[in-house]
Each structure stands twice: as structure tokens, then as C-alpha cells.
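Novice: Take a look at the letters that make up each chain.
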Amino acid sequence: MNRSLTFEIFRYTAILLALAVTLIPTLWMASMAFKPIAEWSAAGADLTWWPKSPTLDNFRFIFGTSTSDLIVALDRTAGKPILASLLSAVFGTLIAMTAGTAGAYGLSRFGSGQNLPLALIQLRLFPPMAVMIPVMIMWAFFGLVDTWWGLALIYGIVTLPFAFWLMKTFFDDMPREIEDAALVEGCSRLRVFMKITLPMMRPALASSALFVFILNWSDYLIALLLTTREWVTIPVYMASLSSSMTGQLYGAKAALGLIAAVPPVIMGIAIQKHLVRGLTFGALKQ
Amino acid sequence: MSMLATEEKLSVTGDRSTPETRIEDGGRRLGLMLTLPAQLLVLFIAVFPLLMQLYISLTDWSPLDGIGWWQAYELWNNFANYTDLAADSRFWDALGRTALVMAICVPAEFLLGLGLAILFMDNFVGKRLFYSVMLIPMMVVPAVAGYMFFMLFQSGGPVNDIVSTLIGRPFALAWLSSPGTALIAVMIADIWQWTPLMFLILLAGLVGVPEDQMRAATLLGASWSQRFRTIVMPKMKTIIIIALSIRVIENFKIFDTLYIMTGGGPGVATETISVYIYKVTQQDLIWGYVAAIALVILIALSILVSLAISRMNAAKEA
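Chains as they are written, first to last, in my numbering: chain A, 227 to 512; chain B, 46 to 363.
Just so you know, these hints were derived from the structure itself, not from any lab.
Glycine included, every Cβ here is placed at the ideal spot set by N, Cα and C.
Hints should not be assumed to be uniformly reliable.
Stated by the list, open to error - As a list, the in silico DSSO-like pairs of lysine-lysine whose alpha-carbon atoms are at most 30 Å apart: (1) A:Lys511 <-> B:Lys298; (2) A:Lys511 <-> B:Lys172; (3) B:Lys282 <-> A:Lys511; (4) A:Lys511 <-> A:Lys421; (5) A:Lys421 <-> A:Lys499; (6) B:Lys298 <-> A:Lys306; (7) B:Lys298 <-> B:Lys282; (8) B:Lys280 <-> A:Lys499; (9) B:Lys282 <-> A:Lys499; (10) B:Lys172 <-> B:Lys282; (11) B:Lys172 <-> A:Lys499; (12) A:Lys499 <-> A:Lys511; (13) B:Lys172 <-> B:Lys280; (14) A:Lys306 <-> B:Lys324; (15) A:Lys499 <-> B:Lys298; (16) B:Lys280 <-> A:Lys511; (17) B:Lys298 <-> B:Lys324.
Stated by the list, open to error - Example chain A residues on the side facing chain B (calculated, C-beta under 7 Å, incomplete): (18) Arg237; (19) Gly332; (20) Ala345; (21) Ala486; (22) Ala509.
Generate the whole structure from the sequences, applying the supplied hints.
Specialist: What follows is the structure, encoded as C-alpha cells:
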């Protein structure tokens, strides 16, 4: 709009400042992940911004292959929690996407399930903490506590609103001429959906699935309530990584935090075109 | 001969009427089938659990009692949970604290996000890269973000280091262990993580403002602030409402980052409503009481939302 030089200077200063604030927390954790134990906390006023002697010990430590300078050995390594996070998030995404895509198509094309849009928004509205008592009781009853499939089921339900709304807006946007043509050719409705609509929607399905995966992968509270030992997820395991001997295991936690943070950041940037649509329940498109 | 005739007749009538009706019926049946899984999941998570929650909230039931939840009627307590709740100062404090966090974080995120979005409205060198980087915080797992800020705010951590450099003398504030500053640190973390969301949504709205109108206004001599007020803001109204609603709703739930950073402490200094409910659930284990708290919050939220929706609809019609 205003292309004066002062404006450009102001703009770049403000943006660079914002970039610094945006990046410092993440970079600090990344730097911490490669620091040896001696550099974890500041001795006096000497704060190490970059690791002086970078090491992979923190990563080896959380996977149990090195105890190096650390006095403690872990009784549980990070392998299982990473697997738990992966399994629950992937299958949770699968549940949400299957039910969400089918439901969205049913509503978008045949007007079925008129109650779903509002019901699902309400589902998203309530703080998970306010509905967890019955969930905990039911999950205990069905033997789903501390299992990855129990987590996957609740993740699938919690993210269903996003999957449904995203896919609904994609189906609403899709031109129907191709479907109509196939119907005239004598395809059944179901066949049109499976063989024509879904393959055409592949990019939309992929970005919705990634969006839902990020949400599932990001959970902490639900896993905290529904897992105890066997299938704790990364954030729950991470919070338990501190010992009476060394206090906070800064480097080890940072290494694990980095492992947890990288996939959603990459996925998020990959689907940035659809982020607005996802975050606003399809109310806004970019 | 006669059979053939009937057959022919049938097929003829069939041909004449079915293309409409058969597809409609088939479509409706398929629609019901396709929406069934979603319907079942909603039923499974909403209706039955809510009834269970209501039932338990009227009793003193705890998972330690050794009786199943369905036998909770043995511990019926004549609405004592609800009267207790009215007098529970820790609950009201937590609610007030949640409101305070919301009242500071949401406007801060909005203003910062709007400012950034305005800077990103037209093209400049590096825009795409800056834009992608700007979005990173909201993609970071909130629990991990909590851990980042936990490290940053240690007394020997980077925040104090930067402050020391700026003011030129050693500065070692234990942010997270003093009641006043712990809440500030928690709010800074929330603002860091969710300003990008405001930025993203508001920018999407700003780019949607018709350029020819802006150019015409510029030609007519409208100043930047005039153009902003008369052209941009009216177009942005719905978008701003959406962005603010999303953050208000999500901010009310605040738990992950906060709980990792402070655990609700020191004392109860950063105890928000979710943290409070969590603590009663896990530590005190009086689930009858938790169910009552949760139900009150659910009902209050539902009323607020239906009010908001009807107000918005009224505004739309006006």
C-alpha cells in the first residue's frame, strides 16, 4: 500500500523482531538438544547459546544406548512412547477421516445428518477436561485405559469435527458434473463415491488427514488421563523425564521435544494453504 | 402373451418413474449409511456420557469406593456437590484466573496478529519465507512449547540473559517460582504460540479485501487510516468475530503449556479451570464432585454459545 522508505524500514524491523521472537524458543531447545551435560544450565553468567562441544549423547541417552556423563540410566527408553504417539495419532486420524469423510459426503450430497455440523462444533467447544470423567469410566470398563487403541478411539472422536467440516467444505466446492455423468452411465451412487469422488479428492483428503494428524499428535491432556505406563505418549513420557539425582534432564528432554516438534512443523508448512480452512472449520478459505 | 404384456407394462412404468425416485431413495439410503459412523461416535461420546456425568454428579462417588459407578446411588448426597461448588473459593478463583488469562492473551494475540497481518498485506522480498516461519509456533506440540518456555524462564535461562544484556547488570528472576511472574510467563507462552493463528486468519481476511475499491479510494484521496476504517474493517467484521471466537474458546481450555511450565503453581498461582479440574480428578479423586464442576461449566458454556449465536444471527438480519 504505502511504499515509502520509512515504511519499508519499519516493516523489516518489525518483521525481523517478530521472527526473532518466533524462533528463539525453538532454537534454544534445538541447541539444548545437542549440548553435553556441562552446558545444560548457566554456570554463573555464562550462558551457552550454541553448544560449544556438540554431541548426540542426549539422543543416545533417551534411546538407552548411552548413559555417558549421566549418573542415571533410564528404566524406560523413548522408543515405546514414540511408537505409542505414532500408533494412536495415525489410527485416530484414520477413524476421524473415515467417519468424517463419509459423513461429510452424506450431508453434502444427500442432505443426511443435518444435526451433525452443530453437534460436532459443540463437541469441539467443550474443554476436554469437562467431559473426561465419563470417558475415563467408560474406557476403564471396556479395558481401553493405557492402550494405544483406546487413545486412538478417543482421538478419532475428538478430531472428528475437524475431519468432517474440512471434508464437507471440500465436497461442497467440488463440481458435481462428473458425478452426474457417471450416474447417467449407470454407476451406482456408492460406486461413484468410491471410484470417482474419492480419487478426485485425493489432495483434499491428504491435507485434511495431515491436519487431523497434527492435532492428534499434539495431544497431552487426554494421554495424561488415559495412559499410565505401557502406552504413555511422548509428552507424557517427557514430563516424567527428570530424576532425583540430576534434577531436570534438560538435554534429554530437549532432544525428545525436538523429535516431537519436527514432524508437525513440516506437515503444517506443507499444508499451509489449507490451514485457515481447517482452523476455522471451513468458515474461511484462503 | 399376457405375461409379456405385464412385463412390458411394468418396465415401461418403471422406466418412466424410477430415474427420479429410485435415485432419490438410493441416495437417501446411502446418505444415512455414510453418516451413520459419525452419528454413532457422537452418540457414544455425547449422550450416554452426559447422562452418566449427571448421575455421578449427584453422589459422592469416587473410583476408590470399590463400587461400580452404576451403584453410585448408594452415595446419593442431595445436591451437596452443587452447594459445595457455590462455596468453593478455589473453583471461583480458578475461573477468575482463566478469565484474566483470556482477557489479556486474546486481545494481545489479536493486536499483534493484526499488526503483522497488515505488514504482510502487499508483496516484499522474503515474504513467503517469513510467512512460513511465522506459522511455526502454532505447529509446535503445546506440551513441547510448554517445555521450551519452562527452560527459557529458568533463573539462569535465556530470558534473564537477554534482560541482563539489555539493562547492563545481572538479572536473575525466578519467573516460574514466584506467584506474580509465573502467570505472566504462562501468558507469554500462550501469546507466543497463538499469535500466528490470529495472523494467519486475519491475513486471509485482509487479502480478500477488493483491491479496486482500495485503489479508487486512494485516487479519491482517502488516507490510509480512512481506507482501513471504511473499506477494510467492514469486510473484516465476520472474520474478526471468527478469529476471536476460536481463540476465546481454545484459551478457556488452556492446560498443556501451562501445566508443563508450572503445574498450576506455585501454590495455586497459575491454576486455571482445566488445571483445577485435573487436580481434583487425579489427586483428590472425588469424581462425583468433578462431574458436578464439569457439568456446571458445560451448561454455562452452552448458554453463552447459544446467546452468542442468536446475537450473531440477529446482527446478520439487521
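Novice: Identify every previously stated hint that the structure contradicts and give their numbers, smallest first.
Specialist: When the structure is compared with the hints, none of them turns out to be violated.
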